[in-house]
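J.: So the protein sequences, as listed, match chains A and B. Each residue of the first sequence is one higher than the last, beginning at 1 in my numbering. Each residue of the second sequence is one higher than the last, beginning at 1 in my numbering.
Keep in mind that the hints were calculated from the coordinates and are not lab data. Check before you lean on any hint, since a few could be wrong.
[Claimed, not checked] Computed spacing ranges between beta-carbons, pair by pair:
hint, chain 1, residue 1, chain 2, residue 2, range
1, A, P284, B, D141, 48 to 58 angstroms
2, A, R258, B, D141, 26 to 36 angstroms
3, A, K262, B, A208, 36 to 46 angstroms
4, B, A292, A, A292, 35 to 45 angstroms
5, A, P86, B, D205, 32 to 42 angstroms
6, B, G227, A, S57, 33 to 43 angstroms
7, A, N84, B, D141, 33 to 43 angstroms
8, B, P120, A, D204, 26 to 36 angstroms
9, B, G227, A, D204, 45 to 55 angstroms
10, B, R186, A, G37, 13 to 23 angstroms
11, B, V283, A, S57, 41 to 51 angstroms
Yeah, the Cβ is synthetic: ideal placement off N, Cα and C, and Gly gets one too.
Protein chains: 2
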Amino acid sequence: MDPAVNRQFILKSRPVALPTPEEVPMIESPVPEAGDGEIVIRNLYISLDPAIRGWMSDEPNYIEPIPVGTKVWATGIGRVVQSNSPDFEVGDIALGMNAWEDYTLCPAEAASKVDPMGMPLTTYLSILGATGLTAYFGLLDVGEPKEGETLLVSGAAGAVGSIVGQIGKIKGCRVIGMAGGEDKCRWLIDECGFDDVIDYKACDDLAAAIADKCPDGVDIYWENVGGDMLDAVLLNLAERARIVFCGWIATYNDEEKRPGPKNLWQLLAKSARMEGFVVKSYVPQFPEGIAAMADWLQQGKLQYKEHVVEGLENALDAFHMLFDGRNTGKLIIKIADE
Amino acid sequence: MDPAVNRQFILKSRPVALPTPEEVPMIESPVPEAGDGEIVIRNLYISLDPAIRGWMSDEPNYIEPIPVGTKVWATGIGRVVQSNSPDFEVGDIALGMNAWEDYTLCPAEAASKVDPMGMPLTTYLSILGATGLTAYFGLLDVGEPKEGETLLVSGAAGAVGSIVGQIGKIKGCRVIGMAGGEDKCRWLIDECGFDDVIDYKACDDLAAAIADKCPDGVDIYWENVGGDMLDAVLLNLAERARIVFCGWIATYNDEEKRPGPKNLWQLLAKSARMEGFVVKSYVPQFPEGIAAMADWLQQGKLQYKEHVVEGLENALDAFHMLFDGRNTGKLIIKIADE
């Protein structure tokens, strides 16, 4: 590619369903120039997350939507190639809310300098990044796991879900995962140490399957999915259950807004709660979370998978993998060699 | 009436919608005889609550449903007329989960002896009973009100809602009530000290009306109603809002189960939670709650209304009033003179 060109994916119009190349095209523009206090990051890796689909829509959300006509955001890690700030030198590794693009221009204070400490750069987008910290703070702070409780995880073979289950095991929970397909289910048992799994694709009556695997009810439900799965779980809550509301991947590409869960009454019936959270609320506590995760990693208590797709030009196609289940592990786009 | 006859309302079949006299007929049976350890209470007053409609259905709930063919439950207060227990003497006042009937036979340990301490007996079914304690523990323990927060109350002119708002004022919240009709709204402002009201019957766009009255968002929502009202509130949550899920009176008589709230995503968008509770969980703390409520009553800080309907035979018709809004205040059936 021409080093003077900045390839960018642009939100040309709000997607109707799964984003198409017409709605989210890749264009070329000049490489930006850093102004006063700004830096330019040459992106090496960007993180593709289901949440990005929400940012493309204009339903009220925890952040303002991506404005139509502007670039699509993603957490990214890369090398500083221009700096007009005393906080960064050319060659530094920087992490930030970047975009699906080769070069990101941003104020220096919007990026963090990363000392990789021997870990691969990609881990700062996965296990030691927002993905791992979502699992860490969501489970510990919102889920409040107690030893011996039953933790049910949806999207269990996904980047967040697989970490949630493993932290649940560290905290002494009985952990059941829901995932689609035999390979994913086997990985959860064999590698991640889940106590049991439900292959929802091989399941006629999901509520009955949950009742079978969670005979004392579900104390903590990690909600990644939504739709009918949430309704099936609601019928199996234990008294004082906590639903940790992390996302609704089943609904993000709906062309029409679907109704809410029809069994929501069970929150009252079981004195249970459903609570949303956003990892950015925990930024002040990130150092504590990263330290704990790094420690568990070193002790071999956490397994993780990364699914790296090469080439920025493949970002949109790769993004679709999140919704049809083709990825196995944290989905990352490699944009350039380190 | 014949003093040897016990009139009883029976759940002959599960109601399809609003219970009909065919589904819940009044029959006559002999006055029961107290066996060993049992007492017979001559009911003086029973409490009619929306929750009873839920107990008539077989959807999974916080208690097993009323079995078909048996009497309809209600909290009741009355005089002991037979006792085979050392804990009660004939003439004592007893409170318990009784029924829509003249005479209730129960084990002595299922009833509580009441020393009225100069308060009318009906208050033990209203402000000093489960109604008042639902407001007390739900708001303070689940809602966690903080000074200066905005508390929005649905069913605000109802028995529970009107107390919730007044406790909110005592705790320093800005309190907005939603009720149907001018008279109810005026009572909330003039007598109960609410800061503002929304007459939902006179309102084209409820979400816009809430946004207007709660410009900084809703910190605590007291959920008595459900349906479209919940959806309108969800669009107006403040960050870290708490929805105290007390009931869904709008849905209890639905012939078909309606879908859940379509704006439930807002729990995630606002890091908010929705939490159910049942007052019976707080039984060990009842003395604390009753003492606090009695204290506020004596200080003139709590206003309450009771709507007493005379005659057990009118119980089913009176029960309908809860759902069409005809009652003003805590609905109580007077069965016999004290």
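J.: Could you run down the list of hints and mark each one as holding or not?
T.: Taking the hints in turn, this is what the structure says about them:
1. Judged by the Cβ atoms, the range 48 to 58 angstroms given for P284(A) and D141(B) is violated: they are separated by roughly 28 angstroms.
2. Under the hint 26 to 36 angstroms, the C-beta atoms of R258(A) and D141(B), about 33 angstroms apart, fit the expected range.
3. Range check, K262(A) to A208(B): about 27 angstroms between beta-carbon atoms, so the 36 to 46 angstroms window is missed.
4. Judged by the Cβ atoms, the range 35 to 45 angstroms given for A292(B) and A292(A) holds: they are separated by roughly 41 angstroms.
5. Restraint check, P86(A) to D205(B): a C-beta distance of roughly 52 angstroms breaks the suggested window 32 to 42 angstroms.
6. At roughly 25 angstroms, the beta-carbon separation of G227(B) and S57(A) lies outside the given 33 to 43 angstroms, and the hint is violated.
7. A beta carbon spacing of about 54 angstroms between N84(A) and D141(B) contradicts the range 33 to 43 angstroms that was offered as a hint.
8. A hinted range of 26 to 36 angstroms is violated for the C-beta pair P120(B) and D204(A), which are about 57 angstroms apart.
9. At roughly 32 angstroms, the beta-carbon separation of G227(B) and D204(A) lies outside the given 45 to 55 angstroms, and the hint is violated.
10. Taking the beta carbon of each, R186(B) and G37(A) are about 58 angstroms apart, not inside 13 to 23 angstroms as hinted.
11. Between V283(B) and S57(A) the Cβ separation comes to about 46 angstroms, which falls inside the hinted range of 41 to 51 angstroms.
In terms of the numbered hints stated before, the structure departs from hints 1, 3, 5, 6, 7, 8, 9, 10, listed from lowest to highest.
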